[in-house]
Amino acid sequence: MATIDTYADSGHVSVSDWDHRYYHVDQVLDRPGPRTDPDFIPGDAVKSFLRDQCKILVIGAGGLGCEILADLALSGFKDIHVIDMDTIDISNLNRQFLFRPKDVGKPKATVAAEYITRRVPGVTVTPFYGKIQDKDDDFYMQFNLVICGLDSVEARRWMNATLVNLVDPERPESLKPLIDGGTEGFKGQARVILPTITSCYECSLDMLNKQTAFPICTIANTPRLPEHCIEWASVLEWPRVHGDKKMDTDDPDHISWLYEVALKRAKEFSIEGVTWSLTQGVVKNIIPAIASTNAIIAASCCNEAFKIATSSAAYLNNYFMLIGTEGVYSYTFEHERRPNCPVCGGESVDIQVPKDWSVERLIEMLVEKQDIQIKKPSLSTPTTNIYFQAPPQLEEATRPNLERLVSDLVPEGGEVTVTATTLPFSLSLRITYV
Amino acid sequence: MLKIWTLKKNEEAAAKKKPKTSAAQIRVQKDLTELDLPSTMKTYFPDPADLLNFTLTITPDEGLYNLDVNGLPPDHTCIGMYKGGAFNFIFQINTNYPHEPPKVKCDQKIYHPNVDLQGNVCLNILREDWKPVLNLNSVMVGLQYLFLEPNTDDPLNKEAAEELRRNRDQFVQNVQRSMRGGNIKGEQYANVVAK
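Chains as they are written, first to last, in the working numbering: chain A, 26 to 459; chain B, 44 to 238.
Chain B on its own, in the form it takes in the complex (with noise of 0.2 Å):
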């Protein structure tokens, strides 16, 4: 025991006494102050002491995209069209994190093939792809792509990535009624145009 003890006092680099703030306060503390987010995603903390709740607006625009050979946008039905509405994200964050991901919600009922009607979202990097090495701000940019590129692969809203893979021009329409708070399908969803 002794030898280990004089190891201490040999060593040069004496680290010193380190902080008592936890491993994951300090990551989530580094992720927050250094997000890097587009004007279209803003966060809110209903508490600003407590990093670990908080919610993430997004409203999407165009996104980007290259113009096809004739200068035309490719596939113009489709893009923008989440464009208008205001979509909440609530986060939760666990004292494991960045070993656990972040727990995500939608709060709102939103018509979108990768979001069902409970507010679960499927995003690749929120479960069986997360790794510690991604961040808060992989998670905002992967949630908004979501809307700028919805995806019929992964469908939680099977009606809706039905509706995108048989016929966009409907599919765009019902995201625009669904967006003012209209019925499809016998399914009534949020009003979420931004105010």
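Just chain A, same shape as in the assembly (with noise of 0.2 Å):
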């Protein structure tokens, strides 16, 4: 029979593993499959690596985070992090399973973690409340994979950056895998990222729909949604009403203005349907959530963690999108890198400048330099802005630099972005002083 290891940690129960505790799971870490990558090396190395070594970062603990949080937990993931910058509302109750109604106004993050913890036991979820920004690169470089459960373009893009930004092609474990996952309505994504080996998130931003605007003008004039009439509110009458007042859409106040507003424009107009949380719907862009799209997504970006921290079968090459929306559809295929990527494309060269150099210098060298001929190049660092060759007014800002030295601005091992026309997107070239 099973012997149950119990230990008492800080007010409540904890069991570690029991036998046969990962009965199912051990059925395909023990032995290898038809498919499986020929390196895959079945038995304790591997599982050791998963229960007691791999730390897992997940960012949101929403919709997508708690299913994310569960699943991890229960295919023996056992060293977990969960970053997430909300509170608990209550019309989330209705799918994020790990809060209660007394949990509403807490911070989801806390609030997921104690409950996994509590729950799994030999699980422990440790909970970030901020956000993503908050956290250095050192943070991020103690993971070995990160899962995003987001709903927001601007959270993953930064996600995304910084993962590439963190790979050290002398360090090997400085990749850190970044499985992505997205629902809207029936429809939702999965997709696995390894930053500077495959496409990137922001090598598919142009494939993102736009969202829904509407041509101000409509707005304006000639309303025939109860979209419109919101729209109007928000965009036209609260800046002409409140001035440089920003609109919070997150204070109710300020949806019951905007409420209040739209509703009478749409009486004017005979326009039915503008109704407070149709408001709010708008103004915040929710999008309806469905709780089995989040779970089958949240599985999916799960079963991609575990296949790549065990490589006990072929990950997700790289990109599956689930339509659920006409019957069941689903398509996976490889989204390529593209060349001229702002995050991970372009190219990077190491080149070496005497420590007297004067930026002048260094532009005359970059227009000859035969591999890399770019007319009219400008440079900045991420603080400073070295040399732009447009418009006239900056121009002449940054002139005075052309007779500093290159090393009063730049750091030994710094970055500096060149941007020219003749560039696709940009060049970066990092410095070190001979």
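Just so you know, these hints were derived from the structure itself, not from any lab.
Please note that the accuracy of each hint is not assured.
Stated by the list, open to error - Distance condition first, Cα-Cα at most 25 Å in a straight line; then the derived PhoX-like pairs of lysine-lysine:
#, chain 1, residue 1, chain 2, residue 2
1, B, K46, A, K80
2, B, K152, A, K309
3, B, K148, A, K309
4, A, K401, A, K131
5, A, K270, B, K152
6, A, K270, B, K174
7, A, K309, B, K146
8, A, K271, B, K148
9, A, K270, B, K148
10, A, K212, B, K174
11, A, K401, B, K85
12, A, K292, B, K201
13, B, K46, A, K72
14, B, K85, A, K400
15, B, K46, A, K332
Two chains, each in its own frame: build the complex with the hints.
Below is the structure:
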């Protein structure tokens, strides 16, 4: 029978592994399958990596995040971290099943972490209640894998760029696979990004549907939909009435104001359907979330995390999409890298610069250098505009830098971003001094 | 996991570490340093270190047009009607550029069918037709076009659009008066005469 090893830990009882706990999961870790990678070595080492060493980060503890955390914990990941900047709203409770009515108002990350840690013995979930941008490279460097369950393009772009930048060719473990899940109603997507190796999030930015935006003149003159009235209230009336005061879409008073204004306009044009919740939905761009779609996508993300961590089966290459709006349709394809992607594309060149070189000399070198051949380059570092060819005001403002030493503006090993019309996107230079 | 790490080792074109400059920032640098503006448009940066906030001043001329069969400019009453004015547009770019378009507002009260009294501009590529493949140059050229060819199809200032549709001569007179800071139908406009 199972031997249960129980110990008391900070007020609650935890139980660590018991015999046959992972009986089912071990079926795929104790022997190779017909399509398993030939390099896969079944047995204790891989199990120990998954259960004792592997550290995984989950971004988002919302609809997808709750599912992801449960799936990871139940498939044997034991050191899980989660980041979320939101607090629990009553409208989350229908699908974010780690939360209860008493949790409303509390941070999602904290409540989700406590729930999983309490419910799944031996698993520790460490929460961070805050923004992903609050954490630095050292923080992200400690993980083996990152799974994103986000609803914002901006946060995904940031996370993606951070993980691409983290890759150091000298340190293989600096490559953190990013598994990105996303859902919208009955549709969803899961993808595996191996930063600098496969196509990254930024590579596919042009595949995104644009947000529904209505022509401003329609809003102003010929509203036909309740959404037109709400946009009128938020885009035109709010700034007109409130001036510079920023609209806070999380403030119920602000939503109520917009609702009243939109409703009045709707009456004027005999339009029906303006409600408080539609108002909130339009201004916050809320997309209907469906629990089962989240479950499918989260499960798919976690399967990929498991396969990547263990090499026990081939992982997704690299984009899976699910379209549940017309029956069930799914399609998997390899999204290719974009050579001129501003995050993972473009060339990167190591150059050696004599300590006494001026910026002007460096630019001359770039223009003359056979293998680069840049016409009219503009240079910047992450903190300084070194020299801009245009517009005239910026050219003038940066011109004094031409005479300054490169070494005064760029630290040893520092990066310089070069843009020019002759480059597909940009070039980055890593500068070392001689 | 080890499998993934060997992937990187085996990769020939070892991608080097990239700078921390954000994608939006690089893209704005590229857009700005490659601007190809006619002499009728100038940018001004209140803080030259901040590329995300600036003003564009448009001083429209006659624009380009084809002469008709009699060698005359088409519809001559309308040509260069905004000439002599200097119009300021505030650009605000956020870190989600170019996924999101720049926010653009006119900071003067002007008499124009496609600009309302609060400075909102009706230009399709600023909202519903924005695509990341467009750039700041396209937006600026689009704005200038509004002064050469104001259109009555997308009115934001309905009075002005109505006047343009009904009586072009009167509309042009109104434009001239408004640009000197005149009053049209009870509305006081900003003096935008170029200095």
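So which of the earlier hints does this model not fit?
-> 2, 4, 6
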